[in-house]
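From just these sequences and the hints, can you work out the full model?
Read off the chains here:
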Amino acid sequence: MRLPSRKAQAAIAFVLAVAAFVFWLLSRPDPLPASAIPAHTPDLANGEVVYHAGSCFACHKPPEGAAQGSLPSGGSPFKTPIGVFYPQNLTPDAETGLGRWSEADFVNAMTRGLSPAGHHYFPAFPYMAYRSMRTSDLLDLRAYLRGLPAVTSEAPRHGLPLLPLARRGVGVWKRLAFARAPFAPAQDGSDSWKRGAYLVNAPGHCGECHTPKSLLMVEDLGRYMAGGPHPGGEGKVPTLRGLVERKKYKDAGDLVLALQNGEELGYEDLSSGGMAQIQSNLAKLPESDVRAIADYLVSLK
Amino acid sequence: MTLSKRTLAFSAGFSIVLAAAWGAGLAADNPAAHQRHEAMETVQESFKPLRAIAVKEAQFDAAVVKKNATTILEKLKEAHGLFPEGSGGGDSRAKPEIWTDRAGFDQAMKDAQAAATAMAAVTEEAAFVPAMKTLGGSCKGCHDKYRLPKQ
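Chains A and B, in that order, give the protein sequences.
For the first sequence, counting from 1, position 253 maps to 253 in my numbering; every step adds exactly one.
For the second sequence, counting from 1, position 100 maps to 1100 in my numbering; every step adds exactly one.
Since the hints were made in silico from the structure, they are not lab data.
Please read all numbers here as calculations on a predicted model, not as lab measurements.
Using N, Cα and C, we set each Cβ at its ideal position, and we do this for glycine too.
Treat the hints loosely; a few may be bogus.
What the hints assert, rightly or not - The list that follows gives simulated cross-link-like pairs (lysine-lysine, DSSO-like), each with its CA atoms no further than 30 Å apart:
id, chain 1, residue 1, chain 2, residue 2
1, A, K250, A, K61
2, A, K79, B, K1145
3, A, K250, B, K1066
Claimed, not checked - Partial list, derived from the structure: chain A residues whose beta carbon lies under 7 Å from chain B:
id, residue
4, T152
5, E154
6, P156
7, G235
8, K236
9, Q260
10, G262
11, E263
12, E264
13, L265
14, S272
15, G273
16, A276
Quick look at the structure:
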């Protein structure tokens, strides 16, 4: 093969340099400064509610058979069609957990998908939903996590091809994803319904599985909660629309029992695709919050 | 366009034959999957009267509990024997983990049978809900690990 002329080589190098620069520019992290975090006295009880509402443990659990198995020390594989993710340790261990994270670090992770070092997190960590969380809830959650016993457990490196480049590329995707406003339900329901809308859409991140994704890997709001392919490739995630009309549940009260008891009371639809673990976490919420979630979900037609 | 009654009757008959052939085909392809599914359906049906007692839609009745728990136990034993190697895939919701973690699966099935045995022995109302949660919890734990979502 004959090499291109010197001029052509220079032109190619120039185009590549421009492309790399644009990529670098578009994928730059955009963290909130510490000064943007309001002063807040944390409410640990609320932090625990937020922790269960988000089912944090369902993903951040330790690998099977680990000691201290009920703490969110991370490392259990989260399999997706593009690769295996290893969610990180959420306990306050200084080296491998969140021990050294400032309030701003935590809020940036949850709402902007950024690590304290400014790296992009993959959206397998559902910050697109968490960006709608109230700052007070985030700070309460942080305080709750800091109160857990520290476990030393370094999550393995994600099993993804071209990891550093893919990670940086997430920054470009974020420009598209964050440009879209998050789903905002009409605020004309009862207080319980509004609370449910918040729990389902923000900390609960139900749409991450129950709303199918568009080609750009953002939620397709035209098919909000209409079900779709399972993110782990295990068949289908069911629709949450028309739960009562389709006779899946008799009424909101029946759905409350289902979320509180799952298959322990024979609600067998809640036991596959990872939902069993989520249901176990939702069962720990105050009954009024479970009722709020049910009120909101049965309103989806 | 109008269809003659004869055409309609013929089409309907033909569809039924086709559906039956398809069903038979499935059963023939993977008879174990078909049979264990039937057994599990019976378990689910027998769970309903128990659930009604647990949520206080029905009165506690030790005879109803014993009858349904006994059916559940029999059908669980039957289903347990219907997971031969290679009977996953296709329309089956069985996860490959049943065969890659056979010891874990067998233990989960035995735990469920033990829970059904305990339920069949319940005569006091106070013992019913805890027995129900143990039995339902064993279904949940096993389904979480070894059963795929609906396809």
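How the hints compare with the structure:
Under the criterion of a C-alpha separation no larger than 30 Å, the hint pairing K250/A with K61/A is inconsistent with the structure, at around 33 Å. Taking the CA atoms of K79/A and K1145/B, the gap is about 14 Å. The hint holds against a cut of 30 Å. For the hint pairing K250/A with K1066/B, the CA-to-CA distance comes to about 27 Å; that is within 30 Å, so the pair holds. Because the beta carbon of T152/A sits about 27 Å from the nearest beta carbon in chain B, more than 7 Å, this interface hint is broken.
Below 7 Å, beta-carbon pairs count as interface contacts, and E154/A has none with chain B, the closest being about 26 Å; its hint is therefore violated. For P156/A, the interface hint is violated, the least distance from its beta-carbon to any beta-carbon of chain B being 20 Å, above 7 Å. For G235/A, the interface hint holds, since its Cβ comes within 7 Å of a Cβ in chain B; the closest pair sits about 4 Å apart. Taking 7 Å as the C-beta cut-off, the interface hint given for K236/A holds, the closest approach to chain B being about 6 Å.
The criterion of a C-beta within 7 Å of any C-beta in chain B is not met by Q260/A, whose closest approach is roughly 11 Å, and the hint is violated. Taking 7 Å as the C-beta cut-off, the interface hint given for G262/A holds, the closest approach to chain B being about 6 Å. At its closest, the beta carbon of E263/A sits 4 Å from a beta carbon of chain B; the interface hint therefore holds under the 7 Å criterion. A hinted interface residue such as E264/A counts as satisfied when its beta carbon comes closer than 7 Å to some beta carbon of chain B; here the least separation is about 4 Å, so the hint holds.
For L265/A, the interface hint holds, since its Cβ comes within 7 Å of a Cβ in chain B; the closest pair sits about 6 Å apart. Given the 7 Å rule on beta carbons, the hint for S272/A holds: about 5 Å separates it from the nearest Cβ of chain B. For G273/A, the interface hint holds, since its Cβ comes within 7 Å of a Cβ in chain B; the closest pair sits about 4 Å apart. Because the smallest distance between the Cβ of A276/A and any Cβ of chain B comes to about 4 Å, under 7 Å, the interface hint for this residue holds.
Checked against the numbered hints above, the structure violates hints 1, 4, 5, 6, 9; every other hint is satisfied.
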